[in-house]
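Starting from the known structure of chain A, arrange chain B on it as the hints suggest.
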Amino acid sequence: MEQLKKTSVVVVDDDGMMREMLKLVMRSDNYSVIGEASNGQEAIALCNRLTPGLVLLDINMPKMDGLQALEEIRKVSPTTIVIMVSAEATMDRVSEAIKKGAAGFVVKPLNAASVLDRVSICLKGAMKA
Amino acid sequence: MPHLLVDISSHGYGHVSQTSAVVNELVRLMPQLRVTVRTTAPHGFLKSRFQCEFQHVPLAFDFGMKMANAVDVQVAASAAAYREFHADWLRKVGLEAQIMRQLKPDLLLANVPYLSLAAARAADVRAVGMCCLNWADIYKHYCAEDAAFPEIHEQMLDAYRSAECFLKVQPAMEMPGFTNTRSIAPIARVGRALRCHIASHSNQVEGEKLVMVAMGGMEFRLPMENWPRLPGVRWIVPQSWGIRRDDTISFESLSLPFSDVLASCDAIIAKPGYGTFTEAACAGVPLLYLTRRDWPEEPYLVRWMHDNAVCLEVARAALLAGDLEDALQQLWSVPLPLRPEASGAAEAARFLQQTFF
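Residue numbers (the working numbering), protein chains in the order written: chain A, 1 to 129; chain B, 1001 to 1357.
The shape of chain A in the complex, shown without the other chains (with noise of 0.2 Å):
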């Protein structure tokens, strides 16, 4: 777990309030927040020069959506783990995104302890895999 806890990590979200709230839980728990980004097309340029250990990767967003980027992330940087955040956890927005490598789904709203536990959840899940 300490391994986990020590992974960097680069927060995309169009509302920067989203993004605070983002850095903020996972700080507390230790990560290192590397980065942020507020579409898709930034999102993709960050992941290429920082090679993060994980990618929190909101859905909706201008530019490029979380969707698409998550295929660019994956060719870019293929050891980065991406877990999607969205208020919309339909069932076809998840598994398009699953089968788009997507290691997980947080849904907003959020709380601290929830995100935290679905990071834990998906980081072990795609170590394993």
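Worth double-checking, as some hints may not be accurate.
Simulated crosslink set (EDC-like; lysine to aspartate or glutamate; CA at most 20 Å straight-line) [claimed, not checked]:
hint: 1; chain 1: A; residue 1: LYS6; chain 2: A; residue 2: GLU36
hint: 2; chain 1: B; residue 1: LYS1209; chain 2: B; residue 2: ASP1260
hint: 3; chain 1: A; residue 1: LYS100; chain 2: A; residue 2: GLU72
hint: 4; chain 1: A; residue 1: LYS63; chain 2: A; residue 2: GLU36
hint: 5; chain 1: A; residue 1: LYS63; chain 2: A; residue 2: ASP15
hint: 6; chain 1: B; residue 1: LYS1047; chain 2: B; residue 2: ASP1260
hint: 7; chain 1: B; residue 1: LYS1047; chain 2: A; residue 2: ASP15
hint: 8; chain 1: A; residue 1: LYS23; chain 2: A; residue 2: GLU36
hint: 9; chain 1: B; residue 1: LYS1047; chain 2: A; residue 2: GLU20
hint: 10; chain 1: B; residue 1: LYS1209; chain 2: B; residue 2: ASP1247
hint: 11; chain 1: A; residue 1: LYS108; chain 2: A; residue 2: ASP15
hint: 12; chain 1: A; residue 1: LYS100; chain 2: A; residue 2: GLU88
hint: 13; chain 1: A; residue 1: LYS108; chain 2: B; residue 2: GLU1084
hint: 14; chain 1: A; residue 1: LYS75; chain 2: A; residue 2: GLU42
hint: 15; chain 1: B; residue 1: LYS1047; chain 2: A; residue 2: ASP14
hint: 16; chain 1: A; residue 1: LYS108; chain 2: A; residue 2: GLU88
hint: 17; chain 1: B; residue 1: LYS1104; chain 2: A; residue 2: GLU20
hint: 18; chain 1: B; residue 1: LYS1104; chain 2: A; residue 2: ASP29
What the hints contain is simulated information worked out from the structure, not anything from laboratory work. Please read all numbers here as calculations on a predicted model, not as lab measurements.
For chain B alone, coordinates are given in the frame of chain A:
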């Protein structure tokens, strides 16, 4: 720059209304105050209520009670959810304390998530609770028979008691388990009576009485199509109800805040809720109410209304049938008592400034 952290339960919007009134007053006294608001209430609603700059962090700290709809509590589901929520209580408190340390507030004002108060103690942050209710007493009312109740309830009470003070906003529940309460006057947004505006934006005829029907959303839509016409009465109703009668005005067509429409009316029909009840009493507007019966805050609200306003309970059958003429006439035949003062926000803000800053 002093920093106020405001944590608000997201169970209904009443908590936001109460808290924003106090924070607005506090910022008036302390314009340099930095405010961070943590709640999952919609940002747009927060913007409409908070008159100051604030940072919004969309985090949840509690869930109140699991609801089947706006009034029906799901007791078994709530008990199960509390068991799950408290299963790793100390870890949750530790995480929230870590987040609080990052935010470095000078004071936490919690309306009324107890997890925040427990975290504040762990992070060594000064903290005040504030509300007309608390989740420990609500939980006790519904879930006292649950096997996990004693431990969970004690954790809740312990968190609430850890606050330096709990501002009990009147009318409030009794809160017998609390040792740190300080009673404050009602918090209400008292509207402006704008009858001329309403007359000019509607088909209201001079001399007609205006009665607002404010039961909440679509699930409380009343079958007003079948109501008898009451001479001299014009109803103000939600647009979403789609009522097509020439003796109604849609609330939205008036483009006025709820408080102003309420203060312009001769009566309101509503279900018990802190905001509507206190606003009606403080504006001197008589009230017909449909009781919820099982909500533990209700007896305190109703008792206070009977002491401070003109109000009558209306039976569900009478309300559905629109059999309201006698009740309305009865309301209008009683002289209004002295209106209670909605001075709680100013009182709370003064207390916070003098005690904590």
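Violations among the numbered hints = none
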